[in-house]
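Enquirer: Residues per chain, in single letters:
2 protein chains.
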Amino acid sequence: MSQGNLQIVLAERPKGDIIPGQTFHQKSTKVPTADDLKDGEIAIENIYLSLDPAMRGWLNDKRSYVPPVPIGGIMRGATVARVIASKNESIKVGDVVRAMAGWSEYAVLNPGTPGVCEPVADSDHLPDHLSVLGLTGLTAYFGMLHIGDPKPGDLVVVSGAAGATGSVAGQIAKLKGARVIGIAGGDDKVKWLVDELGFDAGLNYKDPEFKSKFKELTKDHIDVYFDNVGGEILDMALGQAKPFARFVMCGGISQYNVTDVQGPKNIMNVISMRIKMQGFIVFDFIKEYGTARKELAEWLNAGKIKRKETIIKGGLKNAEQALVDLFKGVNTGKLIVEIKNPQDLSKL
Amino acid sequence: MSQGNLQIVLAERPKGDIIPGQTFHQKSTKVPTADDLKDGEIAIENIYLSLDPAMRGWLNDKRSYVPPVPIGGIMRGATVARVIASKNESIKVGDVVRAMAGWSEYAVLNPGTPGVCEPVADSDHLPDHLSVLGLTGLTAYFGMLHIGDPKPGDLVVVSGAAGATGSVAGQIAKLKGARVIGIAGGDDKVKWLVDELGFDAGLNYKDPEFKSKFKELTKDHIDVYFDNVGGEILDMALGQAKPFARFVMCGGISQYNVTDVQGPKNIMNVISMRIKMQGFIVFDFIKEYGTARKELAEWLNAGKIKRKETIIKGGLKNAEQALVDLFKGVNTGKLIVEIKNPQDLSKL
Chain A
5 MSQGNLQIVL AERPKGDIIP GQTFHQKSTK VPTADDLKDG EIAIENIYLS LDPAMRGWLN
65 DKRSYVPPVP IGGIMRGATV ARVIASKNES IKVGDVVRAM AGWSEYAVLN PGTPGVCEPV
125 ADSDHLPDHL SVLGLTGLTA YFGMLHIGDP KPGDLVVVSG AAGATGSVAG QIAKLKGARV
185 IGIAGGDDKV KWLVDELGFD AGLNYKDPEF KSKFKELTKD HIDVYFDNVG GEILDMALGQ
245 AKPFARFVMC GGISQYNVTD VQGPKNIMNV ISMRIKMQGF IVFDFIKEYG TARKELAEWL
305 NAGKIKRKET IIKGGLKNAE QALVDLFKGV NTGKLIVEIK NPQDLSKL
Chain B
5 MSQGNLQIVL AERPKGDIIP GQTFHQKSTK VPTADDLKDG EIAIENIYLS LDPAMRGWLN
65 DKRSYVPPVP IGGIMRGATV ARVIASKNES IKVGDVVRAM AGWSEYAVLN PGTPGVCEPV
125 ADSDHLPDHL SVLGLTGLTA YFGMLHIGDP KPGDLVVVSG AAGATGSVAG QIAKLKGARV
185 IGIAGGDDKV KWLVDELGFD AGLNYKDPEF KSKFKELTKD HIDVYFDNVG GEILDMALGQ
245 AKPFARFVMC GGISQYNVTD VQGPKNIMNV ISMRIKMQGF IVFDFIKEYG TARKELAEWL
305 NAGKIKRKET IIKGGLKNAE QALVDLFKGV NTGKLIVEIK NPQDLSKL
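Top line first, the protein sequences correspond to chains A and B.
Reading the first sequence from the start, the letters are residues 5 to 352 in the numbering used here.
Reading the second sequence from the start, the letters are residues 5 to 352 in the numbering used here.
Isolated chain A, as found in the complex (with noise of 0.2 angstroms):
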C-alpha cells in the first residue's frame, strides 16, 4: 500500500498480449478527502478489483459496446469499495458500494451518474458482489437465460467453464434441467466443474484426446453453446451443433490477445442447422438488474450456485500481471484483485 493514492493508467495500445510493465503505468496522485468533494460526491477506498476478459478489448482503438479506455487514462475496472467521505445524501461513511471506479487505490464519485456506483451489504462475502452477483453472474444469467433458454434435457456445453461466468452458466443450465458439459484448461478445474458444482462432465482442452472426447461427448448434438472462447472450440461447436441450436455468443478470450483471428470454418452450419448465433453484453440488460440479482442471490445463499475466487494479494501493484494471467488461465472462478486487505482498511 503506498502512502499516496497508487492509479494504473493505459501507457500504450497492446498489438496483441499485454506486456507487463510497458502496456500500463503507474503513477501516485494525493488521497481524496471530504474537502476535494463537490456535493453530491463520495470518495471512496477500494478494496476488491475485478479482472475479466473484456478488459482485453477495452485497450483496442476499435469500435466496441464502450469507448476504449484512452491512453493516460485510469483503466476502467469494477471494485467493491467502502466509502471514506460523502457529501452524499443517500450513501454515508462506512457504507460498502459496488463501483466502476477503476484501477485505482481511492476514487471520487458521483452516485448520481447510473451505473457508477451503488450500496451492497457488508455483511455478505464481499468477493461475490464482483462475481455472483456482480456483473459475471448476471452476464451467466441473461445470456443462458435470455438466448441459451435451456430446456430440460438440452445438451448444454459451455466453454471456459471454469471461469467466473462459466461456471455461473453452466450451474444455471443445470437448474433448468439441462445435461451440462463443461470445457476447461486443466483437469483440476474439470475436477471441480464435476464434482463440486454438478456439471454431468467436463473436457480439459489441454489434453490430447480432447477433439476426440469432444465429439463422442457431443455425439447427440448440441442445444445451447455458451461461449466464451472463440477459436477452435466455437468452431467444433459449430460442427456439432443440433438443428435450431442457440449460440449464446459471451466472450472469444482466445482470440483476444492474437492478432490474426481464426474465423469460424463451420459458419456454414449455422444455415444448414439453422443456428442461432447471438451476442450480447450484460449492459444491454441494466434494467433487470433488480430481479436477476434476487434470484442469483437466492441460489447463491440455498447452495444451489457454487462459487471460488481466486484472489491476487498485495495490493494494486499486482493488477497488471494478474490480468496477463487471466489469459493463461491461472484462475478457477473469479480473478480479484485484493486492493486492500478487508482487515487493515483506514480509520474512518
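Honestly, the hints are just simulated from the structure, not real lab data.
Errors might be hidden in some of the hints.
As the list makes no split between identical chains, a pair holds if one copy fits it or if it spans any two.
[As the list claims (entries may be wrong)] Taking lysine-lysine pairs in the BS3-like style, the calculated list, with each CA pair at most 27 angstroms apart, reads: (1) K269 with K280; (2) K280 with K178; (3) K66 with K217; (4) K42 with K155; (5) K351 with K312; (6) K310 with K66; (7) K280 with K66; (8) K219 with K269; (9) K280 with K317; (10) K246 with K269; (11) K310 with K246; (12) K42 with K19; (13) K178 with K223; (14) K332 with K269; (15) K246 with K180; (16) K42 with K332; (17) K19 with K219; (18) K66 with K246; (19) K34 with K332; (20) K219 with K31; (21) K180 with K210; (22) K269 with K96; (23) K223 with K19; (24) K66 with K223; (25) K19 with K31; (26) K215 with K19.
Following the hints, position chain B against chain A.
Expert: Okay, now just chain B, sitting in the frame of chain A:
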C-alpha cells in the same frame, strides 16, 4: 428431347467444383404411362427445372437439413410440370403442378406425400412458380421478414442481390421502408437492381474499388444483412454491423465449391455489436407457405415485386453445365432449365 425418359443421376461426389461429364451421368428409362401407376399416383412431364445454389450442398455426404443425394440417385430439384396420366382423384391429366420431381424428363409421383407436388394455375407465367412464388421467393420472404425484420429507415444490405432470392429479399425490404444496398457481380446486374427494382444503391463486388465503396456506403452501419454468399463479404458486413444488427444467414455461394472455407475474422463483432446471426431453411416454414404465397402473388401482380429469369433452353441435358455456370454468376434473377418447350408438350 430424347425418345425415352432422360434422367440425370449423381455419379460421384465433387471435392470442389462440379466437373461436367464426371459428377453426373445421363441415363434413359421408359416414359411412364397410366399402366405404370399405382392408386393415388400421377405421371408428369417436366417443363421447367429450378437451379439453386443449395444444390451444391446436396452433393456432399455431410450432416445437413436434407439427406445427400445418393450416388446413382436422380439429382434432386424442383420443377413445374404437366400431368400426363393420373390415378389420383384430386389431380387430372393436363393439370400443371409444382413438384420436387428431380432432374428427369418424366416422373411418377404420389401427391399424397407432403411437399412432393401441388397444383398451380396454368394461366400464370409458369417460371414464377419456381421463382417469386417458388421456394426462392418464399426463402426471401421468411428470411427477410422473420429474421431480418427491417424497419423503416433501416440500412439493409443484400449479397447475391441479383439472384433469385436476393432480388426478392431486397424488394421486400424496400416495401417495408428500408434503405437497401444490393451487392452483385457485374455492372449490368447492379444497374438492374437500382434502375428496375428500386434498390437505393448497388455495388459490383468485382469492382477494384469495391471494399472502399462498401465501407463508404455502409458508414452509418448495417441494421440487416441478408447473406447469400458467405466468405469475405460476410466478413466485411460483420465489420460494418450496427449494434443489434440482424444477420439473415441464407446462403454462402462463394464457399460451396471451396475445400478450405474462410471463416469470418470479424466473428467477435457478433459479441461487441450484439448481432443476431441466424440461419434458416425455407422448409421450416412450410405451414406458412400459403399466407406467404398469397402476399407474394399480390406484390407480383401489383408490380411491387419485379423479377427476371435466365432460361437455359435445349433440354435437361444442359442442366449440369447450367449448374456449373450458376456458380459463375451467369444468371440475373432465377436460373431455370427449360426441359421441354411449353409450346411443344405431349398430346394428351
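Enquirer: With reference to the structure, classify each hint as holding or not holding.
Expert: How the hints compare with the structure:
In the homo-oligomer, the alpha carbons of K269 and K280 lie at most 27 angstroms apart both inside one protomer (17 angstroms) and across protomers (19 angstroms), since each shortest distance falls under that limit. With identical chains, the CA atoms of K280 and K178 are at most 27 angstroms apart both within one copy (21 angstroms) and between copies (25 angstroms). Only between protomers do K66 and K217 lie at most 27 angstroms apart by alpha-carbon distance; the minimum there is 20 angstroms, versus 37 angstroms within a single protomer. For a Cα distance limit of 27 angstroms, the shortest separation of K42 from K155 qualifies neither inside one copy, at 51 angstroms, nor across copies, at 45 angstroms.
Taking identical chains as interchangeable, the C-alpha atoms of K351 and K312 are never at most 27 angstroms apart, the minima being 30 angstroms within one chain and 81 angstroms between chains. Taking the shortest Cα distances, K310 and K66 never come within 27 angstroms of each other, neither inside one copy (36 angstroms) nor across copies (41 angstroms). In this assembly of identical chains, K280 and K66 lie within 27 angstroms of each other by CA distance both inside one copy and across copies; the values are 26 angstroms within and 20 angstroms between. Taking identical chains as interchangeable, the C-alpha atoms of K219 and K269 lie at most 27 angstroms apart whether they share a chain (17 angstroms) or sit on different chains (24 angstroms).
In this homomeric assembly, K280 and K317 never come within 27 angstroms of each other (Cα to Cα): the closest approach is 42 angstroms inside a single copy and 40 angstroms across copies. In this assembly of identical chains, the alpha carbons of K246 and K269 lie at most 27 angstroms apart whether taken from the same copy (17 angstroms) or from different copies (24 angstroms). Proximity of K310 and K246 under a CA criterion of 27 angstroms is satisfied in neither setting, with 29 angstroms inside one chain copy and 37 angstroms between copies. Taking identical chains as interchangeable, the C-alpha atoms of K42 and K19 are never at most 27 angstroms apart, the minima being 39 angstroms within one chain and 71 angstroms between chains.
Within a single copy, K178 and K223 get their C-alpha atoms as close as 19 angstroms, which meets the 27 angstroms cut-off; across copies the closest is 43 angstroms, which misses it. Taking the shortest Cα distances, K332 and K269 sit within 27 angstroms of each other both inside one copy (25 angstroms) and across copies (22 angstroms). In this assembly of identical chains, the alpha carbons of K246 and K180 lie at most 27 angstroms apart only when taken from the same copy (19 angstroms versus 33 angstroms across copies). In this homomeric assembly, K42 and K332 never come within 27 angstroms of each other (Cα to Cα): the closest approach is 42 angstroms inside a single copy and 68 angstroms across copies.
Taking CA atoms no more than 27 angstroms apart as the test, K19 paired with K219 passes between copies only; the shortest distance there is 24 angstroms, against 34 angstroms inside one copy. Taking the shortest alpha-carbon separations for K66 and K246, only the inter-copy value of 14 angstroms comes in at or below 27 angstroms, while the best intra-copy value is 34 angstroms. Proximity of K34 and K332 under a CA criterion of 27 angstroms is satisfied in neither setting, with 34 angstroms inside one chain copy and 68 angstroms between copies. In the homo-oligomer, the alpha carbons of K219 and K31 never lie at most 27 angstroms apart, since the shortest distance is 50 angstroms inside one protomer and 40 angstroms across protomers.
With identical chains, the CA atoms of K180 and K210 are never at most 27 angstroms apart, being 29 angstroms at best within one copy and 50 angstroms at best between copies. With identical chains, the CA atoms of K269 and K96 are never at most 27 angstroms apart, being 55 angstroms at best within one copy and 49 angstroms at best between copies. In this assembly of identical chains, the alpha carbons of K223 and K19 lie at most 27 angstroms apart only when taken from different copies (25 angstroms versus 39 angstroms within one copy). In this assembly of identical chains, the alpha carbons of K66 and K223 lie at most 27 angstroms apart only when taken from different copies (15 angstroms versus 39 angstroms within one copy).
Proximity of K19 and K31 under a CA criterion of 27 angstroms is satisfied intra-copy only: 23 angstroms inside one chain copy versus 60 angstroms between copies. Taking the closest pair of Cα atoms, K215 and K19 come within 27 angstroms of each other only across two copies (24 angstroms); inside a single copy the shortest separation is 30 angstroms, beyond that limit.
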